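K.L.:
Going down the list, the protein sequences come from chains R and W. Taking this note's numbering, I'd label the letters of the first sequence as residues 7 to 86. Taking this note's numbering, I'd label the letters of the second sequence as residues 50 to 258.
Hints may be right or wrong, so weigh each one.
[Claimed, not checked] Chain R stretches covered by chain W per the calculated footprint, using a threshold of three residues with CB under 8 Å from any CB of chain W:
1) 8-14
2) 17-31
[What the hints assert, rightly or not] DEER-style ranges, computed between Cβ atoms:
3) R:Phe37 <-> W:Leu74: 42 to 48 Å
4) W:Leu74 <-> R:Lys28: 54 to 60 Å
5) W:Gln196 <-> R:Glu35: 50 to 56 Å
6) W:Leu160 <-> R:Gln75: 52 to 58 Å
7) W:Glu63 <-> R:Lys28: 38 to 44 Å
No lab work stands behind these hints: they were computed from the structure. Note that this is a predicted model, so its numbers are computed, not measured. Every residue, glycine too, gets a C-beta built ideally from N, C-alpha and C.
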Amino acid sequence: MICCKECLDLLADYLDGELDEKTNASLEEHFKDCPPCISFFNTYKSTTRLCRETLKETEIPDIVRIKLQEFLKENTRKKN
Amino acid sequence: MAFTQDKLEREEDEILVREFKEGNLEAYDKIVERYQKKIYSLSFNLCRNQMDAQDVTQEVLLTLFRKIETFQGKSAFSSWVYRITLNATYMRLRSKKKEPNVSIDDLMPSLNGAGYQQEKIQDWSEDTESLLFDNETRETIQKAVDQLPEKEKVVFILRDVEGLSTEKVSGILDLTIPAVKSRLHRARLFLRKKLSNYFEEFQFRREKK
Numbered sequence: 007m008i009c010c011k012e013c014l015d016l017l018a019d020y021l022d023g024e025l026d027e028k029t030n031a032s033l034e035e036h037f038k039d040c041p042p043c044i045s046f047f048n049t050y051k052s053t054t055r056l057c058r059e060t061l062k063e064t065e066i067p068d069i070v071r072i073k074l075q076e077f078l079k080e081n082t083r084k085k086n
Numbered sequence: 050m051a052f053t054q055d056k057l058e059r060e061e062d063e064i065l066v067r068e069f070k071e072g073n074l075e076a077y078d079k080i081v082e083r084y085q086k087k088i089y090s091l092s093f094n095l096c097r098n099q100m101d102a103q104d105v106t107q108e109v110l111l112t113l114f115r116k117i118e119t120f121q122g123k124s125a126f127s128s129w130v131y132r133i134t135l136n137a138t139y140m141r142l143r144s145k146k147k148e149p150n151v152s153i154d155d156l157m158p159s160l161n162g163a164g165y166q167q168e169k170i171q172d173w174s175e176d177t178e179s180l181l182f183d184n185e186t187r188e189t190i191q192k193a194v195d196q197l198p199e200k201e202k203v204v205f206i207l208r209d210v211e212g213l214s215t216e217k218v219s220g221i222l223d224l225t226i227p228a229v230k231s232r233l234h235r236a237r238l239f240l241r242k243k244l245s246n247y248f249e250e251f252q253f254r255r256e257k258k
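Here chain R stands alone, though its shape is the one from the complex:
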């Protein structure tokens, strides 16, 4: 039976589905008896999702897009 420390060290590989079958089973066995580790894992997983959903939405503002177009026109077309 693995302890909490080992469980926490394995979280990244567990989340990414990279653990071998035996280690994966040991970790899930540990989760059954350890609500704090389940809470830790749930919040670890949510953290990644929340950050991705917040930062992934970064769009180029319209004003920047226009300036980029002008810049590229100026610098990549006039010489050709």
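Place chain W on chain R using the hints.
P.N.:
Chain W only, in chain R's frame:
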């Protein structure tokens, strides 16, 4: 699925690059259309400044135009673009005052001598849906990412935000796979801690009302 998508995108990139090298400017326009948001977004998430991200995007797109001949195709074109973007962003950040690194220690729950947790951990993962589009939550998340030490931040953004594979990130940053994994884990632990503080305080405020 992701692998097939990667392969498809890589093949499309290779065709565009070849056509552009042969002098087809429409191919360059397509490259710009495919990459300008990725370049801007990566740079903005690292420096959190619109003007700097705009300058970096201009610089990178111009580098692609002027130096396409130096791209030899040893790695994926996208990896090359990401590397140029990171270099241009870091050049800009270097000229500004550096924020002190926040210690990444003390991110784990307290464990007893046998390696078992001793404290109750609040599970706020179920409560985040309604908060996700709240401005305060978004600002907290952005601020937490900004506070990450640079080494962890770049790995986190490439891997978890941009969704690149561990192998690809390792190639772009010239790091070993275990180093990428270790930095990613530390970044996630750091951010989890920051968000835990925020959500716990949020719940406390709500219960007090």
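K.L.:
Determine for every hint whether it applies to the structure shown.
P.N.:
Structure-based check of all given hints:
1. Given a C-beta distance limit of less than 8 Å, the hint that chain W covers the segment 8-14 of chain R holds, as 5 residues qualify and 3 suffice.
2. Coverage of the segment 17-31 of chain R by chain W holds. Counting CB-CB distances below 8 Å, 4 residues qualify, and the rule asks for three or more.
3. At roughly 56 Å, the beta-carbon separation of phenylalanine 37 (chain R) and leucine 74 (chain W) lies outside the given 42 to 48 Å, and the hint is violated.
4. At roughly 56 Å, the beta carbons of leucine 74 (chain W) and lysine 28 (chain R) sit within the given window of 54 to 60 Å.
5. Take glutamine 196 (chain W) and glutamate 35 (chain R): their Cβ atoms lie about 36 Å apart, and the range 50 to 56 Å is violated.
6. For the pair leucine 160 (chain W) and glutamine 75 (chain R), the beta carbons lie near 55 Å from each other, so the given range of 52 to 58 Å is met.
7. Judged by the Cβ atoms, the range 38 to 44 Å given for glutamate 63 (chain W) and lysine 28 (chain R) holds: they are separated by roughly 41 Å.
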